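Peer 1: Each chain, written out:
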Amino acid sequence: MWRAITTILWKDLKIELRTKEAFSASFVFSLMVLVIFNFTLDLTTEEAMKMGAGFLWIAFAFGGVLALNRSFALERDESCIQGLQLAPVDRGGVYLGKFLANVIFMLITELILLPLFAIFFNVDITGRLPYLVGVLVLGTVGFSSVGTLFSAIAVHTRMREVILPILLLPVTVPVLIAAVETTAYAMGADVEPYFWFRLLVVYDVIFVTVSFLTFGSILQE
Amino acid sequence: MPGEHSLLVARNLTKTFGRFTALKSLSLELAPEEFLTIVGRNGAGKTTLLKIVSSIIRTFSGDVTLFGQNLKQADEAARRRIGFVSHESLLYKDLTVRDNLMFYARLYGVSDRDRRIDEMIERVDLEARSSALVRALSRGMKQRLSLARALIHQPTLLLLDEPFTGLDERASEVLDRFLSEHIQSGGAAIMATHDIERGWQHANRVVVLDRGTIVHQTTTEGSSYEAFRNEYRDILYH
Amino acid sequence: MTTKPNKDTAGGVLNGLALIAMIVSLYMVFLYVPTEATMGDVQRIFYFHVPLAWVSFFGFFLVFVFSVGYLVRANKKWDNLAASSAEIGVLYCTLVLVTGPIWAKPVWGVWWTWDPRLTLTLVLWLIYIAYLMLRHYMVDPERKATFSAVLGVVGFIDVPLVYFSIRWWRTQHPQPVMAGGEDSGLEDPMVFTLVACVVAFMLLFFALLRHRLRHQAFREELDELHDRLEHEGHFQ
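Chains as they are written, first to last, in the numbering used here: chain A, 1 to 221; chain B, 222 to 459; chain C, 460 to 695.
For the record, the hints were derived by calculation from the structure and aren't laboratory data. Be aware that a few hints might be false.
[What the hints assert, rightly or not] In silico lysine to any residue, SDA-like type, Cα no more than 25 Å apart, as pairs: (1) B/K245 with C/V531; (2) A/K50 with A/E192; (3) C/K603 with B/T235; (4) C/K536 with B/F241.
[As the list claims (entries may be wrong)] Some chain C residues flagged as far from chain B (calculated, every beta-carbon gap over 10 Å): (5) T468; (6) Y486; (7) V501; (8) M592; (9) V650; (10) F651.
Please read all numbers here as calculations on a predicted model, not as lab measurements. Backbone N, C-alpha and C define an ideal beta-carbon position, used for all residues, glycine too.
Okay, chain A solo, but in the shape it has when bound:
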């Protein structure tokens, strides 16, 4: 199991370091979302503080969908997915490897986007920074847990790129709401964070587990 996780993670990171395709696609797209929000809404700093968390997570989610789509698109080329099916490893391990790679890609984009967001919208993000980073991690884990599973599904459909957000966004409603509320708290908004924090943890645990268990049936033919 451990071997599968580290090997697949190593492979995905290596490919990403070479091509930077997941990063560049999701980063540029997320940035664009933020810029467009700024144009369409023209917010004051105070308004931005209130709504910023929402913008941020919309940008993360949209960018994340691109990165997730790429995750299994690269296994489709040259039937590499067959290589994963043939591998003498636990198929749950294959899932965890892909999942961790996606979490890392999304987090890197988010951590670079965060200061840019602070600059663009004049929001102070340093108030509860460690908390903010923790929330980003929990939200991203939740989003890409189901996201990785659905990416493996979407790659086998006609309409590949289109189907992933349609499948993923409604199911991730709880994690998005919870992430927005906790992020708002981290940026100084007057929110009671503990319920949301717990919800994030519960969501993460449930969906990493469910995806881990069902991935085997997705990977077989």
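On the provided structure of chain A, position chains B and C as indicated by the hints.
Peer 2: For chains B and C alone, kept in the frame of chain A given last:
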């Protein structure tokens, strides 16, 4: 007891895809060190059989005993001893030659990986390109590398799905050489192909598959290729 | 498939029961139950809205059960059941989303409010629309069954999380208080009518489910005949 010493025993394999029946209660045995060629036209069930044996397909009816164990219970262990060559390369275009082999060597838990990778790169004649990206390789080089990928973990049983499709001359030489070496060193192989001539050349036994069932089988030793070809021309070239 | 789908006595009985229950509940909704004091006649839509919502949630629960069945047994029957339940569930859910605003407008003064129950219904509708879209975009029948089973499981496990998140989100984003909540003091005739409507829509659900499965069986038989004809043509 028949089948006790067989590498592979498949009993009453049936597999349907929706309303298409790919395999119809097919039974088959494979002895250690045997090279079996399966011929038949498209849709005869060749690929399905290979996918079941390699546990890519895991829902089917019937029983498969592979390396002495029930495949449905011990598929992970069985996969470790299987090498799969298909007409697709299963290589990552954005990794180097070396990294591709490293990926598969790690997945299969190959020990002394660096040495083994060097050896395989040498055997497929790609030393000069070992740090080139796969997307920069020519088609033939990619095919050779794909063979190295399939054999990196020294599989006992080699499964080949139309391996000659689109192979250039040099790559098919390498394939021919690999196949003989594999059998000489005690390995077994099942090859699915519609190229009967090449199939016959390597095989100890040839099985003709039509619509999911075995319609004929013959050992190659002591039988004539021409007679076989003339008899099954209809099924094979239809 | 050698069953004769033409003779379907049980289905006929089910249809008949659903029809009778539907007539009875229509009678109760429009003639028997007294007009609600504050909301007036428009409140009668409640007897359609609420049972539809309950039965559609029940339908999504069935999708979950049948999906688990498929993942464990890999039998095509479970997949047919799950898909049919999802279709009817989405149909009911759509009706919930249509009847809700019709009721809300005169009572609350707005077509839509992000009330937890309405929002949950909307999110569920989106999840199961996605489920049906996934089925539509899949080619390989076996993969289609497996993938939709996984989605059927994931989607349903998500329901309580969606519900709690929306409820909490609502308490933190207060909106004007709406008068006349759904379950503010039901009188006995109202409860009877509600129960009758739940029974009627439940029977209709199963009657539709049966029709859908029969339709599926016919289609498979037709495909088989088609194949056989093609095969024979092949040897001419």
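Peer 1: So, for every hint listed, does it hold in this structure?
Peer 2: So, going through the hints one by one against the coordinates:
Distance check on the hinted pair: B/K245 and C/V531 sit about 23 Å apart at the alpha-carbon level, within 25 Å; holds. A threshold of 25 Å between alpha carbons decides the hint, and for A/K50 with A/E192 the separation of about 14 Å falls inside it, so the pair holds. Distance restraint check for C/K603 and B/T235: the Cα-Cα separation of roughly 20 Å lies within the 25 Å cut-off, and the hinted pair is therefore satisfied. Simply put, C/K536 and B/F241 have alpha-carbon atoms about 17 Å apart, close enough for the 25 Å limit, and the pair holds.
Listed as outside the interface, C/T468 is consistent with that label: its C-beta sits roughly 28 Å from the nearest C-beta of chain B, beyond the 10 Å cut-off. Every C-beta of chain B lies more than 10 Å from that of C/Y486, the closest at about 46 Å, which supports listing it as non-interface. For C/V501, the shortest C-beta to C-beta distance to chain B comes to about 49 Å, beyond the 10 Å cut-off, and the non-interface label holds. The claim that C/M592 lies off the interface holds: its Cβ sits roughly 20 Å from the closest Cβ of chain B, which is beyond the 10 Å cut-off.
Listed as outside the interface, C/V650 is consistent with that label: its C-beta sits roughly 48 Å from the nearest C-beta of chain B, beyond the 10 Å cut-off. Distance to chain B confirms C/F651 as a non-interface residue, since its nearest Cβ pair spans about 48 Å, more than 10 Å.
In summary, the structure agrees with every hint in the numbered list given earlier.
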